[in-house]
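Since the structure of chain S is already known, use the hints to place chain P on it.
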Amino acid sequence: MKILAVDDDEMVLEILFSGLRASGYTDVDLAPSAKAAMKKIEEATTPYDCFMFDIQMPEMDGIDLCSWVRKRREYESAPILMVTAMTERSYIQRAFNAGATDYVTKPFDPLELSTRIKMADRLVRDSARAKSAAFEIQDLRDKMENDFRVPFTDPVTIFGVPSVIGRLNMENYLRQLSRSGLFSTSVFAVHVTGLEGYYRTLSASDYYFLLVDVAESLCAALGDREYFVSYAGSGSFLITVQHANAITPSMVERQASEALNKMGATQGFDGRALLQYRCGEPVRIGVLFSGGSVEKALDMALEKLERTLLARNEGAYVSARTPGLGLASLFVK
Amino acid sequence: MHNSNSTQTTWESPRDIPLVSPQDAVEAAIEELRPRYQIALGEYHKRLEGAFYALLRGAGSAEDLRDVVYIAHRIAGTAGNFGLDDLGQRAREVDEALGPIADAPKQALRHLGLVARLIAALSSTVNKKAS
Numbered sequence: 015m016k017i018l019a020v021d022d023d024e025m026v027l028e029i030l031f032s033g034l035r036a037s038g039y040t041d042v043d044l045a046p047s048a049k050a051a052m053k054k055i056e057e058a059t060t061p062y063d064c065f066m067f068d069i070q071m072p073e074m075d076g077i078d079l080c081s082w083v084r085k086r087r088e089y090e091s092a093p094i095l096m097v098t099a100m101t102e103r104s105y106i107q108r109a110f111n112a113g114a115t116d117y118v119t120k121p122f123d124p125l126e127l128s129t130r131i132k133m134a135d136r137l138v139r140d141s142a143r144a145k146s147a148a149f150e151i152q153d154l155r156d157k158m159e160n161d162f163r164v165p166f167t168d169p170v171t172i173f174g175v176p177s178v179i180g181r182l183n184m185e186n187y188l189r190q191l192s193r194s195g196l197f198s199t200s201v202f203a204v205h206v207t208g209l210e211g212y213y214r215t216l217s218a219s220d221y222y223f224l225l226v227d228v229a230e231s232l233c234a235a236l237g238d239r240e241y242f243v244s245y246a247g248s249g250s251f252l253i254t255v256q257h258a259n260a261i262t263p264s265m266v267e268r269q270a271s272e273a274l275n276k277m278g279a280t281q282g283f284d285g286r287a288l289l290q291y292r293c294g295e296p297v298r299i300g301v302l303f304s305g306g307s308v309e310k311a312l313d314m315a316l317e318k319l320e321r322t323l324l325a326r327n328e329g330a331y332v333s334a335r336t337p338g339l340g341l342a343s344l345f346v347k
Numbered sequence: 002m003h004n005s006n007s008t009q010t011t012w013e014s015p016r017d018i019p020l021v022s023p024q025d026a027v028e029a030a031i032e033e034l035r036p037r038y039q040i041a042l043g044e045y046h047k048r049l050e051g052a053f054y055a056l057l058r059g060a061g062s063a064e065d066l067r068d069v070v071y072i073a074h075r076i077a078g079t080a081g082n083f084g085l086d087d088l089g090q091r092a093r094e095v096d097e098a099l100g101p102i103a104d105a106p107k108q109a110l111r112h113l114g115l116v117a118r119l120i121a122a123l124s125s126t127v128n129k130k131a132s
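Chains as they are written, first to last, in the numbering used here: chain S, 15 to 347; chain P, 2 to 132.
Among the hints, erroneous ones may be present.
[To be verified] Examples of chain P residues toward chain S, derived with CB under 10 Å: (1) A29; (2) A30; (3) E33; (4) L34; (5) Y54; (6) A60; (7) S62; (8) Y71; (9) R75; (10) G78; (11) A121; (12) S124.
No wet-lab data here; the hints were simulated from the structure. On a predicted model such as this, the values are computed, not experimentally measured, just so you know. All C-beta atoms in this analysis are idealised placements derived from N, C-alpha and C, irrespective of residue type, glycine included.
Excised from the complex, chain S in its bound form (with noise of 0.2 Å):
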C-alpha cells in the first residue's frame, strides 16, 4: 500500500512514519506542504493508495488538499485520513464535506492509526473488485458499456454532490463527532417508494443519476443547515443533521418532492410523481452513542424510518438495515 502523508511538523511526519513502518507500511512518502504533496501526487508514476493529510498547514489547508485530490480521477474514491489537531465541529463537517474518509485527532496513537489505515486499506481492496458493496463512478463508464449494476439493496456512493458522501464516510464522521463530544447531532432515514420500479426498468447509468437527483431534492429540503446524505440501499437514505429538532419528517417529504417534482425527471402522465419520500423521526446521536456502535445508531434511524413506513401500512420495502438488526426485513403491503 503506498501512503502519502503531509503535514508541516517534521516532527509528525516521523511519529507517523515511524508508525506506518512498524505497523508493517513501509512504502510511505512523506511532504512537508500541500504543495509539495500536489507535485508528488502529479509526478507519481505509480499512484497513491491512501493520503493523511494534516488541516491546518500555511499557504493551503490540508482540506483544500482534500477537496484537489477527490477532483483527480484516479483518487476519487481513495481513502484519505485527516490527520488533525483541530477538533472543532467546522473543521470536522469541512473535511468530511471535502471528502475525507477518516478522521483522526492528534496527539494520535500510532498503533491506532494503523487499525484505521487497515480500514481504509480493506476499503482499497473492497473497490479494487468490479463487484464491491459501493458503487463508483470512476468504474460507472466501464459499468455502463458490460450493463453492470449493483443489487438494489447496495450502498451506493454518490459522488459529485456537495454534502453526499459514502456510507463508510458518514459512519466515520459520527465516531468522530462522538469522539468530540459534539451531540447535537441527529441521525434520520428517508426511503423513496418507487426506486425500485425504476432501479428495474433503467439503465444502470440512468439509475445512478436518478438517484444523484433524489439525493439533491434532499440537499434541497435541508437546506442551509449542516448535513451530511448518504444513500443506504434499497431506496433509503441516512442524514445527519445538526439541530434537527427545527425538522419535521413531513416538512422534509414536501420539501424533497417539490425539489424533485422541478426537476421534472419523475412525473407520470398524469402529473403525478412517481416518487414518493417517507421519513422516518429523527433520533438524537447522544442517545444513540450510549447504547452502542455507530452502525447500530444508523440501524436504528433505519428502525424509525421502518416503524414509519409500517405505521402507514407502506407498499413493499425492502430493509437497508444489517441482516437480522431489522422488526422485519421484508414486508409487503
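For chain P alone, kept in the frame of chain S given last:
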C-alpha cells in the same frame, strides 16, 4: 544467531528471530526523536516568551499572536506522543482560545493567562530535562 550470505538470511532457531512488537517499535522511534523534540520545545519556549511579553505590553502584533497560536497548535499535536499530556492540554487550551482570533491581538489580551500557563508548563518540561 543467524547466518548471512550474499543471497539470503536464515535463522537457526525461531528463538533467534528478533521479536519487536509494533508498540515497542513505535516507542523506540519516539525515544529516538525525544532529544530533538526537547530542543524544539526549548525553541518554542523562547519564541513564546518573546511574543507573550510583547502582547502583554500592548506592543504585540498580529504576527506575534499568530506565532503563539502556531506554536500552541504544534505542541498540542505532538506533546501527547512524548507522554507530555499536561503540556499538550495547556497548548490545546491556547490553540482553541486564540486560534479563532489569531488576527486580533487586542482581543487576545483576556486569554494571556492561558499563554502564561503554557509557558510555565513548557518551562518546567524544558528545565526538568536539562537538570
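When the hints from earlier in the document are held up against this structure, which numbers fail?
-> 5, 6, 7, 11, 12
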